[in-house]
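J.: Chains as they are written, first to last, in our numbering: chain B, 1 to 116; chain H, 1 to 112.
It cannot be assumed that every hint is accurate.
Mimicking DSS-like on lysine-lysine, the simulated pairs with C-alpha atoms at most 30 Å apart in a straight line are [stated by the list, open to error]:
id	chain 1	residue 1	chain 2	residue 2
1	B	K71	H	K42
2	H	K37	B	K57
3	H	K57	H	K111
4	H	K42	B	K14
5	H	K71	H	K37
6	H	K37	B	K9
7	B	K71	B	K57
Derived from the structure by calculation, the hints contain no laboratory data.
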Amino acid sequence: NAGVTQTPKFQVLKTGQSMTLQCAQDMNHNSMYWYRQDPGMGLRLIYYSASEGTTDKGEVPNGYNVSRLNKREFSLRLESAAPSQTSVYFCASTSMRGTSLSYEQYFGPGTRLTVT
Amino acid sequence: GENVEQHPSTLSVQEGDSAVIKCTYSDSASNYFPWYKQELGKRPQLIIDIRSNVGEKKDQRIAVTLNKTAKHFSLHITETQPEDSAVYFCAVYNNAGNMLTFGGGTRLMVKP
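My request is simple: use the sequences and hints to build the entire structure.
T.: Written out as structure tokens, the structure reads:
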């Protein structure tokens, strides 16, 4: 199992450019998430998808859109990049382990995005 | 929504000493409390978690304690080693929202 994969690993954009960050998981998880992590800061939730066909806003959704393409894939789009969106972006997916009520979140390796 | 506060933001200890990081949360209905470790330049990884029906859980040198009445939980690392140096995040699972809310993180430095 590859777990959670993200592409690209690094990206530099100019202000106003658009791009899509890709995320895929091969663990058959229902829920997927996009976070951003600014230098020296915690993880802030941008959008999440509790199940295929649904998406919801998190704490910091402005300037982003998402698509849950199928159960495996969840993409994040920046329509018009701004310097304030310079950050590391992590995708994650969650398993619910049977009746144990554990919601372990598996993270991808991250995408380092710089907007100049 | 859920509010998670984590303290301290930085913690420096001597190798072999213990380290304790504390988190408080606001939603009394929350029922799952994981701790993640993030090494420099890497992704966060789960190190230990606890459910609301348990007061303490231990795994070798790390343990987590939960006080549901006071709405706080703590990570305890004993006999710290230089490789424990990292940023540690607590999190709280929100049943209604199907999401984790993370604390702000604690940078732990273990001096040899």
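J.: Hey, K37/H versus K57/B, does the alpha-carbon distance stay inside 30 Å?
T.: Holds, at about 25 Å.
J.: Between the alpha carbons of K71/B and K42/H, is the straight-line distance 30 Å or under?
T.: holds, 25 Å
J.: Against the 30 Å threshold, does the CA-CA distance of K57/H and K111/H hold or violate the hint?
T.: holds, 26 Å
J.: Taking only the CA atoms, is the gap from K37/H to K9/B under or equal to 30 Å?
T.: With Cα atoms ~21 Å apart, K37/H and K9/B stay inside 30 Å; holds.
J.: Just to be careful, I want the Cα atoms of K71/B and K57/B compared with a cutoff of 30 Å; is the pair within it?
T.: holds, 18 Å
J.: Given the hint that K71/H pairs with K37/H, test it: the Cα-Cα distance must not exceed 30 Å.
T.: Holds, because 22 Å separates the two Cα atoms, which is no more than 30 Å.
J.: Would the pair K42/H and K14/B pass a check requiring their Cα atoms to be no farther apart than 30 Å?
T.: holds, 26 Å
In this structure, every one of the numbered hints holds.
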